[in-house]
Each structure stands twice: as structure tokens, then as C-alpha cells.
Amino acid sequence: MSADMIPLLSKALGETVYMVAVSMVIASVIGVPLGVLLHTTGKGQILAAPAFNRVLGSIVNAIRSIPFIILMVAIIPLTRAIVGSAIGTTAAMVPLVIASIPFIGRQVETSLKEVPYGLIEAAQSMGATPFQIIWKVLLPESLASITAQLTTVIISLVGESAMAGAIGGGGLGDLAIRYGYQRFRPEVMIATVVILIVLVQLVQFIGNTLARKLDKK
Amino acid sequence: MIKLSHIEKTYDSPAGPVAALKGIDLEIARGEIFGIIGLSGAGKSTLVRCINMLERPTAGQVFVDGKELTAMDAAELRKTRKDIGMIFQHFNLLSSATVYENIAFPLKLSGMPANKIRQKVEPLLKLVGLEAKASQYPSQLSGGQKQRVGIARALASEPKVLLCDEATSALDPQTTKAILELIRAINRKLQLTVVVITHEMQVIKDICDKVAVIDQGVIAEQGSVIDIFTNPQQPITKEFISVLLSNDLPAAFRGGRISAEPIEDAYLLVRLTFIGESADDPVLAGMIRKFPDVETTMLFGNLDQIRATPFGRMIVGLTGPHERVQAALEYLRTKELKEEVIGYVRRHDTTAV
Numbered sequence: 001m002s003a004d005m006i007p008l009l010s011k012a013l014g015e016t017v018y019m020v021a022v023s024m025v026i027a028s029v030i031g032v033p034l035g036v037l038l039h040t041t042g043k044g045q046i047l048a049a050p051a052f053n054r055v056l057g058s059i060v061n062a063i064r065s066i067p068f069i070i071l072m073v074a075i076i077p078l079t080r081a082i083v084g085s086a087i088g089t090t091a092a093m094v095p096l097v098i099a100s101i102p103f104i105g106r107q108v109e110t111s112l113k114e115v116p117y118g119l120i121e122a123a124q125s126m127g128a129t130p131f132q133i134i135w136k137v138l139l140p141e142s143l144a145s146i147t148a149q150l151t152t153v154i155i156s157l158v159g160e161s162a163m164a165g166a167i168g169g170g171g172l173g174d175l176a177i178r179y180g181y182q183r184f185r186p187e188v189m190i191a192t193v194v195i196l197i198v199l200v201q202l203v204q205f206i207g208n209t210l211a212r213k214l215d216k217k
Numbered sequence: 001m002i003k004l005s006h007i008e009k010t011y012d013s014p015a016g017p018v019a020a021l022k023g024i025d026l027e028i029a030r031g032e033i034f035g036i037i038g039l040s041g042a043g044k045s046t047l048v049r050c051i052n053m054l055e056r057p058t059a060g061q062v063f064v065d066g067k068e069l070t071a072m073d074a075a076e077l078r079k080t081r082k083d084i085g086m087i088f089q090h091f092n093l094l095s096s097a098t099v100y101e102n103i104a105f106p107l108k109l110s111g112m113p114a115n116k117i118r119q120k121v122e123p124l125l126k127l128v129g130l131e132a133k134a135s136q137y138p139s140q141l142s143g144g145q146k147q148r149v150g151i152a153r154a155l156a157s158e159p160k161v162l163l164c165d166e167a168t169s170a171l172d173p174q175t176t177k178a179i180l181e182l183i184r185a186i187n188r189k190l191q192l193t194v195v196v197i198t199h200e201m202q203v204i205k206d207i208c209d210k211v212a213v214i215d216q217g218v219i220a221e222q223g224s225v226i227d228i229f230t231n232p233q234q235p236i237t238k239e240f241i242s243v244l245l246s247n248d249l250p251a252a253f254r255g256g257r258i259s260a261e262p263i264e265d266a267y268l269l270v271r272l273t274f275i276g277e278s279a280d281d282p283v284l285a286g287m288i289r290k291f292p293d294v295e296t297t298m299l300f301g302n303l304d305q306i307r308a309t310p311f312g313r314m315i316v317g318l319t320g321p322h323e324r325v326q327a328a329l330e331y332l333r334t335k336e337l338k339e340e341v342i343g344y345v346r347r348h349d350t351t352a353v
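So the protein sequences, as listed, match chains A and B.
No gaps in the numbering here: position 178 of the first sequence is 178 in the numbering used here, and each next residue is one more.
No gaps in the numbering here: position 119 of the second sequence is 119 in the numbering used here, and each next residue is one more.
Chain A extracted, bound-state conformation (with noise of 0.2 Å):
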């Protein structure tokens, strides 16, 4: 192993957590709230509103349904109004958090169904009111699955946040691209793969482990 690559992976290493954590932060600010609205306007839900719950469904599909290379690639205007740039690991965010809003609101409201409706109508008998119901039964409830389901998240992001690295957004997944495979250095290679394999374990065991603890059921 030569001297320069422990900076190299140190500096991508980085450059990859920032990216993930950034865009998890800000796609979850988005993404819960989506969830939220995605099951609760949902057909026999508190907030029932059949068209709309369609509507937002199907914008959600069809984000979902593009591959992240190309929604990268297709937002470049998008991300240099937001960020200036379109290159660099603030400027790949962008096609993360956009591509990680839908996904997270799909996983939240999948955790938000396994919610007995029991609860709710309890919850309604005592007079609370729909907010209340999301915010002291519904998130509460399913905060253990939330939990595990983001986790299922922050590592597809680890894998996209690679990808990111091809238009410049640096990373583990640049360094390996541009070390490893362009300049013939296989020890960069199957170093970064093994760090990014500790990564994924080490995300999922906290987040199992996190999940597990909030659960009482």
C-alpha cells in the first residue's frame, strides 16, 4: 500500500459521509412529511382526499421510476440554479436528495400502514385531532419501523453517492473510478470496496440496532 492512499481514502471517505448524511438530513426533512401524506390522504384515512393521494402518488412513481445516472444527468440545469455548479459533492446532493424524497416517502408510508386503525379510532375517541393523531399515534408508533426502513435508505444513498462521483461529486466511488480503474491501481480499488462494505455493516447494524430499541411491541 503506498503512503499517498490513506489521505486519498481518508479525504473520500469523507467526502462519501458527508454527502450521505447531508442528503439523508435534508431528503428525510422532505421525505417523512411526504410519507405522512401519502398514507393519511389515503382512502379511509384521517385526512382522506382520494384525488390528490393519486396525484402525489403518481409524482412519486414516476420520480421513483427514473435511474438515478439519467435523473442525475436530466437535473443539471436544476442543480446549478440551486447550488451554482454542477459539479462537485455539494452539487451531487442535489440529484440525491430528489432521488431519495420519493423513496423515503414510499418506505415511511409503508411503516405508517402497519399502524393498527384501532389506535387511531381510540385516539379519535378521546378528540384528538388529525395532527395530534400524526404526531402523538402515528409517528410514535411506527418510529421502529421508520427506523429500519430509513436505514434501507442512507445505504441505497451510499451506493448513489457513488455514482454521484462520475460527474465530479468525489467520494469513494470517484476515487475508485478514477484511481483504481483509470490509473491501473487495483489496491485502490478493493480498498475502497472494503470500506464501503464496513460502511453498509456498520449503517445497518445501527440502524438494527436502533430499531430494535425503540421497539416495544
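To be clear, the hints were calculated from the coordinates, so they are not data collected in a lab.
The structure displayed is predicted, hence computed values, not measured ones.
The reader is advised that the hints may include incorrect statements.
Computed cross-link-like contacts, BS3-like style, restricted to lysine-lysine with a CA-CA straight-line distance of at most 27 Å [claimed, not checked]:
1. B:177 - A:113
2. A:43 - B:79
3. B:238 - A:136
4. B:126 - A:216
5. B:108 - A:217
6. B:79 - A:216
7. B:82 - A:213
8. B:79 - A:136
9. B:108 - A:136
10. B:189 - A:136
11. B:79 - A:217
Please build the complex by placing chain B on the supplied structure of chain A, with the hints as guidance.
Coordinates of chain B only, in the frame set by chain A:
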């Protein structure tokens, strides 16, 4: 306390509208325990959900404590619902909250400060006997304990009415008994009006003052529990009661050999029902003394209680000269009991089995 007038509820289904309730009229007085019994699908759960408007009736009016719920907007309705507690068959507790937090839940919804919540929740924990379980989660509790949490939670906002939707149907018989006793005790202590939905006549018999039998979306029969038990009119009511009080003849007399006309060497089978005070009267002893030539055989006997009222049922066989048997029957008719002549059956006719 609760008045339902002409309640109708129709659901839309792919196969067209389905009528769950077809014009229900009910009045429930303050402080009474009112049972609503029906088979599954009879509409009883829909009916109780109309009382707190978890289901909005398609037509008709709902009044609770003089206020018309069917005329309220969403905000008014939420406020009024705090006066109507509800417990459920599957308890519907928050699995992510402790026993304490579950009971505190309705108070938190009302924005009560934590120290005041504590003052309310602690006596409730004591009332339902769960002081030691305050910091446990529902998954650590038995079914009966879960329902106790449900009851404490329903009582937290000091409601005037408690709705029980099949509250004991998921519990074993011993636990059911304990939960019913708790509901009864709360009803007495807090002067709470209680509506009990069930498919079990035993529940009605154990705690209700009045009962309505609901069948296919209409009320088939209603009245005081003792009247319904001793004098059921509708086939559906008789069916419910027969689960508890067997009206069958002793095995030896079954099999269609009962004759309406007097026959040789036969008993006249008479079913006697004693209610209340008359259950203590020595009516039979009196008859035997008065008609020593009529031989009286006791074939079946049972003394039960419906709430505080003693309730005895027996089948006796009378033999003797025809006119004396008729006179004995006349004597019974002057007494405070219900008698029903079943018919003549040959003595020692065990071949009928």
C-alpha cells in the same frame, strides 16, 4: 343521557348500498348500564360508534347529555368526545407508550400540565389495580391488565358515558368476570352511564340493567334484563337466552312423546318460573299440602340470580285424578309465578331417550 332517534347507517359497497342500521331508536338513562346484544354483523358495533360519531349516521339524530352530536362541527365534536370514554375489544393501547403514558394520553391531548396529569393518573392506576405496572409497556401485560389500562385511559378525562365495544370478548371467562366487576364498580362509584356491546348473554346477565337485542340493523326487543330473561318475545332473544338457560326437557322426556291430551298413567309436565320475592315463597310446599292426592315430582330445578333478583326455574310432574291435577294447576295460577303447561308424558317412559 343518551338518545338515539331514527338512526340509519348505509355503507356504499361495490354491490350497491348496504344498510347496517335501519332506524334505531334508543334511550339510555343516566347511571344505568345498558347492554346491546346481537350476532356478529347485526350492526351493534356500528351502533355504538354512532354514539360518539366515530361513524357518522346516514340519517337520524344522536343526543348525549342533551347535546346533539349529529349537528356539531368537527371541533365541537372533539370537545364533546372527551365526555364519552370508550374501551375496545382489542384494547387499542399505544404499544410505544408505558401504562402510565397510555392513561395520561387523553389528558396530554387536552394540553394538561404534567403535574396535574400525575394527580389524575395515579388514582386511576390505583382504581384499576395497576400501580405496580405503571412503567411497563402493554406488550408486557396480560389481556385483562391491558383492558384495565383501557378502562383507566377511558376514565381519565372524567367522562359521563363509557362505551364498551366487545370489551371482554378477547378475554378468558375469569378475566371477563373481573373486568365486568370493575365496570360495575366504576358505574356505581362514578354514577357513570355505561353502554355495553356484546354477543354474550352472560355479560348482559352479569352487569346490565337494561338490554336491547339488535338483529339485522333493527332493535328486535328491549327492556329490563329481568323482563327479557323471564319473558322473551322474539325468537332471536330466546336463542340468546337459551345459551344460558336451557329450556330443554330432561333427557328422558325428549323425543316427541309429549301429548297435549291427558293419557293413562302420565305426568302433567309444568314449567314454573319464580322471579324476585316469589322465589322465596314455599309455593310448591303449599300445593303439596293442599293437594295431597296429587303426586308431585321434581324433574328439573335451578335457582339463579340476575343481578340482585333471584330467578328460579323448575319443571315438575303432576299425577293424580284429572280434576285434582287441574285444581292444583289453578292453585299455582293464583301464585306469583309463571307457569307453562308442557303436556302429558307417560311415567317411567325412558324409551323416549
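We went through each hint and held it up to the structure:
Restraint check for residue 177 (chain B) and residue 113 (chain A): not satisfied, since their Cα atoms lie roughly 35 Å apart, outside the 27 Å limit. A distance of roughly 25 Å separates the Cα atoms of residue 43 (chain A) and residue 79 (chain B); the hinted pair therefore holds under the 27 Å criterion. Simply put, residue 238 (chain B) and residue 136 (chain A) have alpha-carbon atoms about 46 Å apart, too far for the 27 Å limit, and the pair is violated. For the hint linking residue 126 (chain B) to residue 216 (chain A), the alpha-carbon distance of about 24 Å falls within 27 Å, and the restraint holds.
Distance hint between residue 108 (chain B) and residue 217 (chain A) is fulfilled; the C-alpha atoms sit about 22 Å from each other, no more than 27 Å. For a cut-off of 27 Å, the pair hint linking residue 79 (chain B) to residue 216 (chain A) is broken: about 31 Å separates their Cα positions. The straight-line distance between the Cα atoms of residue 82 (chain B) and residue 213 (chain A) is roughly 33 Å, outside the 27 Å bound, and the hint therefore fails. For a cut-off of 27 Å, the pair hint linking residue 79 (chain B) to residue 136 (chain A) stands: about 18 Å separates their Cα positions.
Between residue 108 (chain B) and residue 136 (chain A) the CA atoms are separated by roughly 10 Å; this keeps the pair inside 27 Å, and the hint holds. Among the hinted pairs, residue 189 (chain B) with residue 136 (chain A) is inconsistent with the structure: their alpha-carbon atoms are about 31 Å apart, more than 27 Å. The hinted pair formed by residue 79 (chain B) and residue 217 (chain A) fails the criterion: a straight-line CA distance of about 31 Å is larger than 27 Å.
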